[in-house]
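K.L.:
Chain A is fixed; fit chain B onto it per the hints.
Read top to bottom, the protein sequences are chains A and B. Throughout the first sequence, residue numbering follows our numbering, covering 17 to 251 in sequence. Throughout the second sequence, residue numbering follows our numbering, covering 262 to 511 in sequence.
Simulated from the structure, these hints should not be mistaken for laboratory data. There's no promise every hint is true.
[Said to hold, decoys possible] Pulled from the structure, derived: some chain A residues nowhere near chain B, Cβ distances all over 12 Å: (1) 33; (2) 70; (3) 73; (4) 86; (5) 98; (6) 100; (7) 103; (8) 104; (9) 105; (10) 113; (11) 116; (12) 137; (13) 159; (14) 196.
[Unchecked claim] A partial selection of chain B residues facing chain A, derived with a Cβ cut-off under 7 Å: (15) 424; (16) 482; (17) 486; (18) 491; (19) 495; (20) 508.
Please read all numbers here as calculations on a predicted model, not as lab measurements. All C-beta atoms, glycine included, are put in the ideal place defined by N, C-alpha and C.
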Amino acid sequence: MTSSDTPSVAVITGAASGIGKACGEVMRQAGWRTAGIDLNASGTDMSLRADVSDRVAVASAVDQVIDRFGQIDLLVTAAGYYEEGIDVTDITLQQWDRMLSVILGGTVNCCAAVLPHMLSRGTGRIVAISSELALAGSATDLHYVAAKGAVLGFVKSLAMEVAETDIRVNAVAPGPTDTPLLAPDSLWREDDYLATLPLGRLVRPEEIAAAVYYLATEGSMYCGEVLSPNAGAVI
Amino acid sequence: MRREVALVTGAAQGLGRATALRLAADGFSVAVNDIVDDGRLTELAEQVGGIAVPADISDPAAGPAIVARVTEELGPVYVLVANAAAMAMSPLLEARPQEWWHQIDVNLSGHFRVIQAVIPGMRAQGHGRIVIISSGWGVIGHPNATAYAASKAGLIALTKGLGRELGPQGILTNAVAPSFIDTEQLRVDADDAGISLDEMRQRYRELIPVRRLASPDDIAAAVAFLAGPGSSAVIGQVLQPNGGVTRTRA
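With the rest of the complex left out, here is chain A (with noise of 0.2 Å):
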């Protein structure tokens, strides 16, 4: 999908750090243009900050995009935030609405705004970043599981919607990953969990922007997967 004398394009959202940060990185080496969304400034060719739960301001961030590139070939929706440690019925409403509207909002939102540009070239890839937790299920963290394995539903659903088309969708659900979003004294930063995992080790970003990488450049015949670069925590 990428052609020598145009550039491709990619949207990022999450760009500022962590796992979006490396996508932009990777995707930038390999010659892609990139837009970021983040509500920080993100190192990105083209750095836009907005908060992805905001409908409207991230349908402005892709036309903005669109008004600069002129095409996106691949959306990839990492932004997130993470909140462990507290027991289910101590989760407020306020933030099950908030980890709702930001990872599985967020991801439809940049969906629904990207979709249409992707429809009318018959072309493109989106993946979302979920979670091992959303495959194993977790504990004290119900609200991002939760969330996380919605955005899995709803990624399955919507390749099957655009299948006969070349655009896919796919998802891309990290292991415990040595990013900022997880504390210096997060419980999955503790050796003991470590030495569960078959490598002993945290992920590091840049082997999730490589799965990423890979789906966007060799991925045409994923349709609604979920590629699990986690270290072995779930196999």
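P.N.:
What follows is chain B alone, placed relative to chain A:
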């Protein structure tokens, strides 16, 4: 710097051949195996600058012999692509036991022995990649293919077990489960069904959500990803580049 060595079983044609070519293009030194060398294997070995190691992997002596020769001539195996497969279609009660078990002997037990043979070299190197070619039918099953599906499902379980067992030693095991691929096998399927090749392709396309058969290169790309530097955190997984036929049901 010496090139890393890849060994591909079942490489005379189809996706084994495409995988050998892709891995060679990615910089690997490639050894190619198939049950016999009717000329194609040697030709491919010359094309990829590697060696041909013909042997029937259902023979218990074959795995150690193949790996010994590859190690001696090219160096220790870094990537094993377990691709060779036997397949015969028939309803369970009509299948001759010998034919049924032959598919298990080649696909599952044969590769078990090849894997056993490559592990010492990988352990000595402190790294290695085992890429097992399973099948969508090993994920969701298929009528009249109980032996093939059992062998391929067994390979998925083997992948997961090896992933856990060998991961701490730096050896990553993963699988690719293709479904419908545009290979020579389609001609066999078409002849079986008594229809033309194009009709066969069309019949299969209708079963695939993306309405396109995978090319051997699509599958080779998945193997190359699992053999390459980008998949260093992928372990015990089953990639399913099949256009949505199974959609992560493994």
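K.L.:
Are the hints correct? Go through all of them and say.
P.N.:
Now the hints, each set against the structure:
Under the 12 Å C-beta cut-off, the non-interface status given to residue 33 (chain A) relative to chain B holds; the minimum distance is some 19 Å. Every CB of chain B lies more than 12 Å from the CB of residue 70 (chain A), the least distance being 31 Å, so the non-interface label holds. At roughly 32 Å, the least C-beta separation between residue 73 (chain A) and chain B is larger than 12 Å, which holds for a residue marked as non-interface. Distance check on residue 86 (chain A): its Cβ is at least 26 Å (rounded) from any Cβ of chain B, clearing the 12 Å threshold; non-interface status holds.
No beta-carbon of chain B comes within 12 Å of the beta-carbon of residue 98 (chain A); the shortest separation is about 18 Å. Once the 12 Å rule is applied to beta carbons, residue 100 (chain A) is consistent with being away from chain B; the minimum gap is 21 Å. The claim that residue 103 (chain A) is not at the interface with chain B holds, since no C-beta of that chain comes within 12 Å of its own (minimum 30 Å). No Cβ of chain B comes within 12 Å of the Cβ of residue 104 (chain A); the nearest lies about 27 Å off, and the non-interface call holds.
With a minimum CB-CB distance of about 32 Å to chain B, residue 105 (chain A) clears the 12 Å threshold, and the non-interface call stands. The Cβ of residue 113 (chain A) sits about 28 Å from the closest Cβ of chain B, beyond the 12 Å cut-off, so the non-interface label holds. Non-interface call for residue 116 (chain A) relative to chain B: holds, since the shortest CB-CB distance, roughly 22 Å, exceeds 12 Å. Consistency note on residue 137 (chain A): stated as away from chain B, and its beta-carbon is indeed over 12 Å from all of that chain's, at 17 Å minimum.
No beta-carbon of chain B is positioned within 12 Å of the beta-carbon of residue 159 (chain A); the least distance is around 23 Å. The Cβ of residue 196 (chain A) lies farther than 12 Å from every Cβ of chain B, with a closest approach of about 18 Å, so its non-interface assignment holds. At its closest, the beta carbon of residue 424 (chain B) sits 5 Å from a beta carbon of chain A; the interface hint therefore holds under the 7 Å criterion. Satisfaction of the interface hint for residue 482 (chain B) is found here, the shortest Cβ-Cβ separation to chain A being roughly 4 Å, below the 7 Å cut-off.
Satisfaction of the interface hint for residue 486 (chain B) is found here, the shortest Cβ-Cβ separation to chain A being roughly 5 Å, below the 7 Å cut-off. The interface hint given for residue 491 (chain B) holds, since its Cβ lies 3 Å from the closest Cβ of chain A, which is under the 7 Å cut-off. With a cut of 7 Å, the hint placing residue 495 (chain B) at the interface with chain A holds, because the nearest CB-to-CB distance is about 5 Å. Look at residue 508 (chain B): its Cβ gets to within about 5 Å of chain A, closer than 7 Å, so that hint holds up.
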